[in-house]
Amino acid sequence: MINSTKTPNINQIDREELANRLIKEATLQNFGRLLQILINTFTEKKYLQKLEKREGQEVQINFPALNIKINCLTFVLSKTPSDPYVRPSHNPRVEITFNTREDNIVESLIDIVSSKYTFFGVIRLLFKYFLTGKIKYKPLKRLGTTLATLRCFLIGNSKILKE
Amino acid sequence: MNEHKIIPYEILYEAVKNSEKIICSTIPGDNMAILKSFIKVMRLTMEKNIKKAEEGLPIIGHHFSFPFELFFGTYEITGVCVEVISYLLAALLTLGSEPYYDIADNYGHPYHTCTSQKGVIGMTLDNLFEFDAIITPTAPCDNTIASYPFFPYYNNTPLIIGDMPIYHDQRSINYFAREMESMVIELGKIIDQEPDYEKLRRTLEYHNKALEYQAEINELKKAIPCPFESVLCPALARSVPILHGDMIELFLKEVLEIGKKRYRSGKRPYGEEKIRCVWPYMSVLFDIVLCEWMDRELGMSVLFDMFSNSFFDPIDLSGDLEGIYKGLAKQALNYPMTRQSQGMADKMIEDSVFLCKEYQADCAIFTSHIGCKQSVSLIQILREALREEVGIPMLSIDLDVGDKRFMSAQTIRKEIANFVKTLNLDR
Chain A
1 MINSTKTPNI NQIDREELAN RLIKEATLQN FGRLLQILIN TFTEKKYLQK LEKREGQEVQ
61 INFPALNIKI NCLTFVLSKT PSDPYVRPSH NPRVEITFNT REDNIVESLI DIVSSKYTFF
121 GVIRLLFKYF LTGKIKYKPL KRLGTTLATL RCFLIGNSKI LKE
Chain B
164 MNEHKIIPYE ILYEAVKNSE KIICSTIPGD NMAILKSFIK VMRLTMEKNI KKAEEGLPII
224 GHHFSFPFEL FFGTYEITGV CVEVISYLLA ALLTLGSEPY YDIADNYGHP YHTCTSQKGV
284 IGMTLDNLFE FDAIITPTAP CDNTIASYPF FPYYNNTPLI IGDMPIYHDQ RSINYFAREM
344 ESMVIELGKI IDQEPDYEKL RRTLEYHNKA LEYQAEINEL KKAIPCPFES VLCPALARSV
404 PILHGDMIEL FLKEVLEIGK KRYRSGKRPY GEEKIRCVWP YMSVLFDIVL CEWMDRELGM
464 SVLFDMFSNS FFDPIDLSGD LEGIYKGLAK QALNYPMTRQ SQGMADKMIE DSVFLCKEYQ
524 ADCAIFTSHI GCKQSVSLIQ ILREALREEV GIPMLSIDLD VGDKRFMSAQ TIRKEIANFV
584 KTLNLDR
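If you're matching them up, the sequences are chains A and B in order.
Every letter in the first sequence is one number past the one before it in my numbering, and letter 152, counting from 1, is 152.
Each number in my numbering corresponds to the 1-based position in the second sequence with 163 added.
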């Protein structure tokens, strides 16, 4: 047996900060992975196919409430979706910002993802999130890209789930 | 006060907690039922472990291919499975454990060693773990034997090693039982605790119950269509080493219930079963939805991988302690991967042929993991054995099961999809 003579630890306050920062960074990555899983599995093929004409465009989603240096995910639109990047986009087609409190991000994501992509479903999200400023997108003229992205996230009425 | 001795474990807990919330709230009904159960039990286990760490209980890192119930049951400790941390992070985060693989590589740890240990090596180099001791057998591979001594070398963490014999006969069981006993005593001295063998017996009662459920699950897999999602295989790979006592019992009980319900209705979770497949080696552990894709898009049921290949005898708890040690030693020698990779290659071939025959597989897929050099020489022999004895083809894919940079999830899907096109499926 080797006797334990541990190397000195960094001080406790730093460790607390380090843990909090790493947990937040991982939380952001986790959101990215979960969204990718849900899109890959449950978004209907016809919606993904429609992304073909927007292939390569980047949509940046910001989570300022996480309060970390890099607080955004960059999705590259494609009919074969892959993991988002955890970095700002060099040339975002659309920037979507979640202005919700940190502890409300998960609930907001759940609410949005489980919404139905129907006229009333989109109107509900518009009133609940976009008109109240909880979620903003810019530039405003790129509503088409925003809707195309949103369409892939909303799996509430996905036929794959019902099957 | 939380001293944050296991920061990656805390990160993982947050990721598991958020994954549970998002997946369980957005995916209704029977969809992803096994994944939902797995995440729930994982969260419960991690909650308990983090609480134990906050209370100041010793942090014990351990190898995955080993019945950790022995230590978990005998002492009051916080168990952290080295390999599961790396690979569960790989599944739940976009970057996975990749930054930590790179830290280990830059430190000088060979790039071609197994990522399962390299992740935690990188995390330790980054000062994120403070283990009080680490436990490992000298199995199942060279990576284990070469990577675990990093911990005492780097920061003098006590390393307790159980010498596992190459042969797996009765003499070896007796020998390894003695090894296990000495490991228990050594750990007790390091953490300054007395062994509580009554607690061990209680833990092993759950363990035995879990084995009963496992046996029933294995039987149910013979049904056509298979009532379980393919994700059960990678879920078992991560759950068996990390869930102990009542938690593993709870998980397997829920899985069995899901399977029974579907079996009675005669329905497969996702549409028609077109292909039954055995993965003689590991599942892809960085891509949690690969299994969903195989289930839904290809109609392929993955019946077994190496880690779900567990057919253990329960441990006799009516006898003395020596009998318990021998029972655990027998299990340890037959643990997934230790059984197939540590000794002679015949076990691996026999097991694969048995599983493919018994469970009526149409094909096999072998993941040639970069870390597992010991398995690469086996691929052609195994392919020939499966063709001659079962009459099925085997695809081999070169990849790293925990690092998507080696071969991406999309390329793996393409390879599998192309392979499936070549199958003759006149069942």
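No lab work stands behind these hints: they were computed from the structure.
Treat each hint with caution, since some may be false.
To be verified - Computed, partial: chain B to chain A, Cβ under 7 angstroms:
{"no.": "1", "residue": "I174"}
{"no.": "2", "residue": "E177"}
{"no.": "3", "residue": "N181"}
{"no.": "4", "residue": "S182"}
{"no.": "5", "residue": "K184"}
{"no.": "6", "residue": "I185"}
{"no.": "7", "residue": "S188"}
{"no.": "8", "residue": "T257"}
{"no.": "9", "residue": "L258"}
{"no.": "10", "residue": "I324"}
{"no.": "11", "residue": "P328"}
{"no.": "12", "residue": "I329"}
{"no.": "13", "residue": "Q333"}
{"no.": "14", "residue": "E455"}
{"no.": "15", "residue": "V539"}
Using N, Cα and C, we set each Cβ at its ideal position, and we do this for glycine too.
Each hint, compared with the structure:
1. Residue-level restraint check for I174 of chain B holds (minimum Cβ-Cβ distance to chain A is 4 angstroms; threshold 7 angstroms).
2. The criterion of a C-beta within 7 angstroms of any C-beta in chain A is met by E177 of chain B, whose closest approach is roughly 5 angstroms, and the hint holds.
3. Satisfaction of the interface hint for N181 of chain B is found here, the shortest Cβ-Cβ separation to chain A being roughly 5 angstroms, below the 7 angstroms cut-off.
4. Below 7 angstroms, beta-carbon pairs count as interface contacts, and S182 of chain B has one with chain A at about 6 angstroms; its hint therefore holds.
5. At its closest, the beta carbon of K184 of chain B sits 5 angstroms from a beta carbon of chain A; the interface hint therefore holds under the 7 angstroms criterion.
6. A least Cβ separation of about 5 angstroms between I185 of chain B and chain A falls short of the 7 angstroms threshold, and the interface hint therefore holds.
7. With its C-beta approaching chain A no nearer than about 4 angstroms, S188 of chain B sits inside the 7 angstroms limit, and its interface hint holds.
8. The beta carbon of T257 of chain B comes within 4 angstroms of a beta carbon in chain A, closer than 7 angstroms, and the hint placing it at the interface holds.
9. Nearest Cβ of chain A to the Cβ of L258 of chain B: about 6 angstroms, under the 7 angstroms cut. The hint holds.
10. With a cut of 7 angstroms, the hint placing I324 of chain B at the interface with chain A is violated, because the nearest CB-to-CB distance is about 10 angstroms.
11. A least Cβ separation of about 22 angstroms between P328 of chain B and chain A goes past the 7 angstroms threshold, and the interface hint is therefore violated.
12. A distance limit of 7 angstroms between C-beta atoms decides the matter here; for I329 of chain B the minimum to chain A is near 25 angstroms, and the interface restraint is violated.
13. The beta carbon of Q333 of chain B is not positioned within 7 angstroms of any beta carbon in chain A (closest approach about 29 angstroms), and the interface hint is therefore violated.
14. Checking E455 of chain B against chain A by beta carbon gives a least distance of about 5 angstroms; that is within 7 angstroms, so the hint holds.
15. Interface hint status for V539 of chain B: violated, as the beta-carbon distance to the closest one in chain A is roughly 28 angstroms, over 7 angstroms.
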